[in-house]
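Asks: One letter stands for each residue in the lines below.
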Amino acid sequence: MTAAPPDVRDEELLADVIARLIGDSRHVAVGNASPIPATAALLAREQGNGSPYVSLLGSRAHTFWTDGGRELFDCAGQGRIDVFFLSGGQIDGQGNINLVSIGDYAHPKVRFPGSFGSAYLYYVVPKVILFRTEHSRRTLVPKVDFISAPGGNDPNVFRNGGPIALVTNRCLFSFDRAKRRFRLQSVHPGHTVDEVIEHTAFDFDRPDNVPETQLPSPDTLELMRERVAPQLAEVYPAFAAKVFGIRKSA
Amino acid sequence: MTAAPPDVRDEELLADVIARLIGDSRHVAVGNASPIPATAALLAREQGNGSPYVSLLGSRAHTFWTDGGRELFDCAGQGRIDVFFLSGGQIDGQGNINLVSIGDYAHPKVRFPGSFGSAYLYYVVPKVILFRTEHSRRTLVPKVDFISAPGGNDPNVFRNGGPIALVTNRCLFSFDRAKRRFRLQSVHPGHTVDEVIEHTAFDFDRPDNVPETQLPSPDTLELMRERVAPQLAEVYPAFAAKVFGIRKSA
Amino acid sequence: MPKFTTSIEEALTPIGDGCLLVVPREVSGVPMEATRALIRRGVKRLHLLALPTSSLQADLLIGARCVETLETSAVSLGEFGPAPRFSAAITAGTIKMKDATCPALHAALQAAEKGVPFMPLRGLIGSDVLKYRPDWKVVDNPLGENDPIVLLPAIKPDVALIHAPLADRAGNVWIGRQRELVTMAHAAARTIVTVENVQDANLLDDPVRAAGTLPGFYVETIAVAERGAWPLGLPDVYSLDAAHLAEYARMAATEDGFNDYLKHYVHDRRAA
Amino acid sequence: MPKFTTSIEEALTPIGDGCLLVVPREVSGVPMEATRALIRRGVKRLHLLALPTSSLQADLLIGARCVETLETSAVSLGEFGPAPRFSAAITAGTIKMKDATCPALHAALQAAEKGVPFMPLRGLIGSDVLKYRPDWKVVDNPLGENDPIVLLPAIKPDVALIHAPLADRAGNVWIGRQRELVTMAHAAARTIVTVENVQDANLLDDPVRAAGTLPGFYVETIAVAERGAWPLGLPDVYSLDAAHLAEYARMAATEDGFNDYLKHYVHDRRAA
Numbered sequence: 079m080t081a082a083p084p085d086v087r088d089e090e091l092l093a094d095v096i097a098r099l100i101g102d103s104r105h106v107a108v109g110n111a112s113p114i115p116a117t118a119a120l121l122a123r124e125q126g127n128g129s130p131y132v133s134l135l136g137s138r139a140h141t142f143w144t145d146g147g148r149e150l151f152d153c154a155g156q157g158r159i160d161v162f163f164l165s166g167g168q169i170d171g172q173g174n175i176n177l178v179s180i181g182d183y184a185h186p187k188v189r190f191p192g193s194f195g196s197a198y199l200y201y202v203v204p205k206v207i208l209f210r211t212e213h214s215r216r217t218l219v220p221k222v223d224f225i226s227a228p229g230g231n232d233p234n235v236f237r238n239g240g241p242i243a244l245v246t247n248r249c250l251f252s253f254d255r256a257k258r259r260f261r262l263q264s265v266h267p268g269h270t271v272d273e274v275i276e277h278t279a280f281d282f283d284r285p286d287n288v289p290e291t292q293l294p295s296p297d298t299l300e301l302m303r304e305r306v307a308p309q310l311a312e313v314y315p316a317f318a319a320k321v322f323g324i325r326k327s328a
Numbered sequence: 079m080t081a082a083p084p085d086v087r088d089e090e091l092l093a094d095v096i097a098r099l100i101g102d103s104r105h106v107a108v109g110n111a112s113p114i115p116a117t118a119a120l121l122a123r124e125q126g127n128g129s130p131y132v133s134l135l136g137s138r139a140h141t142f143w144t145d146g147g148r149e150l151f152d153c154a155g156q157g158r159i160d161v162f163f164l165s166g167g168q169i170d171g172q173g174n175i176n177l178v179s180i181g182d183y184a185h186p187k188v189r190f191p192g193s194f195g196s197a198y199l200y201y202v203v204p205k206v207i208l209f210r211t212e213h214s215r216r217t218l219v220p221k222v223d224f225i226s227a228p229g230g231n232d233p234n235v236f237r238n239g240g241p242i243a244l245v246t247n248r249c250l251f252s253f254d255r256a257k258r259r260f261r262l263q264s265v266h267p268g269h270t271v272d273e274v275i276e277h278t279a280f281d282f283d284r285p286d287n288v289p290e291t292q293l294p295s296p297d298t299l300e301l302m303r304e305r306v307a308p309q310l311a312e313v314y315p316a317f318a319a320k321v322f323g324i325r326k327s328a
Numbered sequence: 152m153p154k155f156t157t158s159i160e161e162a163l164t165p166i167g168d169g170c171l172l173v174v175p176r177e178v179s180g181v182p183m184e185a186t187r188a189l190i191r192r193g194v195k196r197l198h199l200l201a202l203p204t205s206s207l208q209a210d211l212l213i214g215a216r217c218v219e220t221l222e223t224s225a226v227s228l229g230e231f232g233p234a235p236r237f238s239a240a241i242t243a244g245t246i247k248m249k250d251a252t253c254p255a256l257h258a259a260l261q262a263a264e265k266g267v268p269f270m271p272l273r274g275l276i277g278s279d280v281l282k283y284r285p286d287w288k289v290v291d292n293p294l295g296e297n298d299p300i301v302l303l304p305a306i307k308p309d310v311a312l313i314h315a316p317l318a319d320r321a322g323n324v325w326i327g328r329q330r331e332l333v334t335m336a337h338a339a340a341r342t343i344v345t346v347e348n349v350q351d352a353n354l355l356d357d358p359v360r361a362a363g364t365l366p367g368f369y370v371e372t373i374a375v376a377e378r379g380a381w382p383l384g385l386p387d388v389y390s391l392d393a394a395h396l397a398e399y400a401r402m403a404a405t406e407d408g409f410n411d412y413l414k415h416y417v418h419d420r421r422a423a
Numbered sequence: 152m153p154k155f156t157t158s159i160e161e162a163l164t165p166i167g168d169g170c171l172l173v174v175p176r177e178v179s180g181v182p183m184e185a186t187r188a189l190i191r192r193g194v195k196r197l198h199l200l201a202l203p204t205s206s207l208q209a210d211l212l213i214g215a216r217c218v219e220t221l222e223t224s225a226v227s228l229g230e231f232g233p234a235p236r237f238s239a240a241i242t243a244g245t246i247k248m249k250d251a252t253c254p255a256l257h258a259a260l261q262a263a264e265k266g267v268p269f270m271p272l273r274g275l276i277g278s279d280v281l282k283y284r285p286d287w288k289v290v291d292n293p294l295g296e297n298d299p300i301v302l303l304p305a306i307k308p309d310v311a312l313i314h315a316p317l318a319d320r321a322g323n324v325w326i327g328r329q330r331e332l333v334t335m336a337h338a339a340a341r342t343i344v345t346v347e348n349v350q351d352a353n354l355l356d357d358p359v360r361a362a363g364t365l366p367g368f369y370v371e372t373i374a375v376a377e378r379g380a381w382p383l384g385l386p387d388v389y390s391l392d393a394a395h396l397a398e399y400a401r402m403a404a405t406e407d408g409f410n411d412y413l414k415h416y417v418h419d420r421r422a423a
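Residue numbers (the numbering used here), protein chains in the order written: chain A, 79 to 328; chain B, 79 to 328; chain C, 152 to 423; chain D, 152 to 423.
If we strip away everything but chain A, and leave its shape as in the complex, we get (with noise of 0.2 Å):
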C-alpha cells in the first residue's frame, strides 16, 4: 500500500478511519503493540477535547488499573468499555476471529499464541473494530480453524457487543450484525474494488458504487503530527519516530 496520496502516510489514513469508528464514546481501551489504533484513540481524545477516555493496554502510563489483571475484564462486564481492537489470524465473512491455529485443532499445522480475552471482551464491548493490515485470503477466509469468538450468536444469547467494521492495508468494511455479513464501505486511495475482491476469500457485500476512502483533513492531520504524536512517543517511540518524527524534522 504506497499510493496514498504522498502528504499523507498510510498510517495517518488508517488511524484517521479508525478515529472515525471510534465516533463519540466514553471510554476506548487499546490493547498491547497496536500503535495505529492508539493513534486512533488518541486523535478521537483530542478531537473530543479529551473524550473519550483512553485506556492503552501496553502503558502503565496510560491505564489506570489498580485491581489487578482482572479489572480490565470487570470493567468491560460493568459496561465500562465502549470501544476495543481486536485481529486474528484468521478472519471470516461471519465476523468469527481466530487467535489460537491453523488446521485441526488437535494436531495443528501453526499454532498461534491463544484467544486471550477475545472469547469475552468480543461479546461485551459495544464497539469491537477488527483491524488486519495483512489483507490476504490467508488471513480473510470463508471459515476460520477454530472460532476464538464468534462474529455472532442466536438472538437468546447474552451479548451487547460485537464487531462494527473491519479495516484493512486495502479497505475499510461495515460489519451487519443482522445479517452477519460485511460490506464494503470503502476503498482506500491507490486500491481498486476488483484488487479487494481477488484478496478477500470471504463473500461480502457492496453497494453499486464504492466510494474511495475519505483522506485525513488538514486539520486532523495537523492533530495527529503536533499534538497526538508527542504522546504516542511515550508509548511507541519506534513507531512515532518512524511515523511522525521524521516527517516532523522534514
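Just to be clear, a hint being listed does not mean it is correct.
Claimed, not checked - Computed beta-carbon distance windows for the label pairs:
1. B/ALA319 <-> C/ASP392: 40 to 50 Å
2. D/HIS395 <-> C/ASN297: 49 to 59 Å
3. C/LYS195 <-> B/LYS221: 31 to 41 Å
4. D/ASN348 <-> A/ALA111: 44 to 54 Å
By construction, these hints were calculated from the structure, which means they are not laboratory data. Ideal placement from N, C-alpha and C gives every residue a C-beta, glycine not left out.
For this one, chain A is given, so just place chains B, C and D on it according to the hints.
Replies: Quick look at chains B, C and D alone, frame taken from chain A:
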C-alpha cells in the same frame, strides 16, 4: 456466679474452658466485643508456643486483613479459619441461633442487630463455640423465633462446620452433630445440675454423674495473668484492668 | 473525569428519592457529613444497602424517615448499645427490612462488579435469613450432584457513597485496605466521594500509593469534608467520638430525643 | 507462619511432580530464578496454569519437558515473537493444552478464593474455546429465562509461585497493584514467594504499605532472589533484558539451540 475458689475468677475459669475446646488448631478468629474468647484464644496460643494463629477481629493490630470486608469470609470459605465464636439472643436445643428478633418476624416484639456473618460462618468453620454468659430460660429456649443459622442440616447440604459446644456462666455443653442435641459435659464450681436444668428451657442429654468443671491449673493461671493479660490490654483495656490489672497490683 | 464540587450538597445531587444507595461498614470510612446533608435536603424512600453492616449512619437516616427499605446484615451502635431508631422502626413496621448475611452482600456486589447475573454462596440453607429472601434461589449445583447451593442475584446500586482520607486533583481516591470501597464503586452506576484532603501529586504516579487507590475513572463527584466521618472514626486517621456517640444513644432512645438530636446536630449545626 | 529458606531450592520443595502450579502473567512479577531452579531439579508432569497468559516462563518449562498440561489464554514472547517451544510442543502434540480466555481463569480462581464450586461468566457461547472445555458447562440462568450462561468450576492450585519486590521478617509480601497475586494465594493450597529484598519494618504497620501487602498468613515459604524475574522485568523495579530475550528467541527457534540455552543459562550458570 460467685463460688469459684477465691483465687480463680469466673472469667479465668471460662477462658480456660474455652482454651481447652480450642485445642490444637491452626487459626482462631474472635469477633468484636468478646474479651473472654479473646483471652482463651491468646491463652491457647501461649500454650501452643505461637500456634494457633489468633485473629482478634475487633482490633487492627491483631488482624492481617488487607482485602476488605470480604476477606474474613473468603478466608473461612477457603478452610483457613478453624475456630470461631457465635452467640445469640436465643439459642435452642438443636443448636439453632437467633440474632434477629423475638416474636413474629413480620411484627417482632424485640429486634436484635441482625445475623452478621453467622448464616455463613456457622457452616464453614469446623469448630464454632457458642458462648453466652447469661444462662436462663429466656436465652436457652426450646425453639428460636428466628433461625439466623441452623445447628445442623440434611446430609446432602454442604457443611464442614458447626457448633461443637455451648459455654455459659453455669456449665459446659458439648454438641452432638449427629443427634443435633446438647450434652451437659460439666457444671462450673458453685453450680449444680438441678440449677442447670431449672434454667435451661431445652432438653439436653447428660451422664448419670456430671463432673465439675476442671479449674485452671496454676501454670495456666500464671500464663493467663503474666503473658496473656498484657496482650489483652491492648484490645480490651477495661476488661484487662478489671480482671487482671487489679490482681496484679494486689 | 470526576467533578470536584465546592459543596457537599452539590456532590450529592445524583442521590435522588428512591435511590438504591450503598454505604460502607463503620470501619471502612462512613460519610457522615454527607449523610447529614442528605437528611437536611430531606431525601426520601432510600433503598439503603449497608455493606455489610451499619451503625450511626443507618440509624440516623431511618430516624429521619429517609429510608423505605434497609438491606444489611446488622445495625448496632456497638459498645454504645443497640441502634434505637432502627429497632423502633422495625418493631413499628415503618421500614421494609431485607435481612442478609455479610458474605452474601459482598458476593452480590462482586457479581455486579463482574457483570454476571448471580454469585453462588455456601451456607444459608436451613436459615430463616434465606426463608425471607425470595430473591435468593436454591438450585442443585449444576456441576455437582445432589448438592443444593444458594444463588444471589447481582446488586447494582444507583450510587455508592464513601468517605476517604485523600484524593488527588485527577479525582483518584486513596482507600487503603478498604477494598470493599473499590467493589462498591465498580458495582454502582455512580460513585460519590467525600475526602479529608486533596493533594496535587497524582496518586497513581506513586506505586506504593497506587496500590490503595480507587481510580478517578469510577468516580462521579468529589467534595472535601474535613472530619467527614465524625462522630465515627476514619481508619488510620482519627478515632470515633465516644462521648458524642454515648450522647446519641441516650438522646435517640426516644423519638423526641432523636428529634432534638436532629435539630441540634444536623439542622442547626449547618445554619450556624 | 511463613518459613524463610536460605536457598530457593528449599523454598520450592512443595512443588512436586504433577503439581497444579499457578503462575502470574509477565507484568505481575514472574519468578524466573525459581523457574530455572525447578528445571535444574528436573520437576516433571506439571499442570501449569498461567494467569491468564505467559511468556518466557511457560516456554522454558515446556522446552525443558517439565510440563504435562498447560492451561492459559495465550503464550507469546510479545515483541520478541512467538513462543517457539510452546508452538513446537503444540504442533508436535507433546503437551496437553487447555485453551482458555483471560477472564475465565481469573473467575475460576476467584471461585476457589470464595470457597464456591463455580463462577458464572458471560461470553464464550459459540466459541471453540468453550467447545474444547468439557469441564465448562452451559446452563440456563436459574434466575433468568431462556438465558444460557457458562459456569466455570473453581480452580484450586496446589501451589502458587510468585515473585515480589519486598517482604518483611514476618513474611508479609508487598505486591502493590498486582492484586491477582492475592487471589492466587487465596485460591492455592500453598504459596511460595521469592522477593528482591526483605525489610525489618512490618509492612502491615504502615497503612500505605499495607494496602498493597499479601499477609504472611497465606505464605508457606519465602526465599530471597535478587533480580529474580530476570530476564523479564519487575513492575516499578526493573525492566526486561531485551537483548537477552532476543537471544532467547533466536536460540529457542530450534530444539538444539534451546538445549544450548538451557545448558548455558540454566544449568552451567548455577554451577558457575
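Asks: Would you mind marking each hint as holding or not holding in the structure?
Replies: Going through the hints against the structure:
Range check, B/ALA319 to C/ASP392: about 23 Å between beta-carbon atoms, so the 40 to 50 Å window is missed. For the pair D/HIS395 and C/ASN297, the beta carbons lie near 55 Å from each other, so the given range of 49 to 59 Å is met. For C/LYS195 and B/LYS221, the Cβ-Cβ distance of about 39 Å falls inside the hinted range of 31 to 41 Å, so the restraint holds. Range check, D/ASN348 to A/ALA111: Cβ separation about 32 Å, and the 44 to 54 Å hint is violated.
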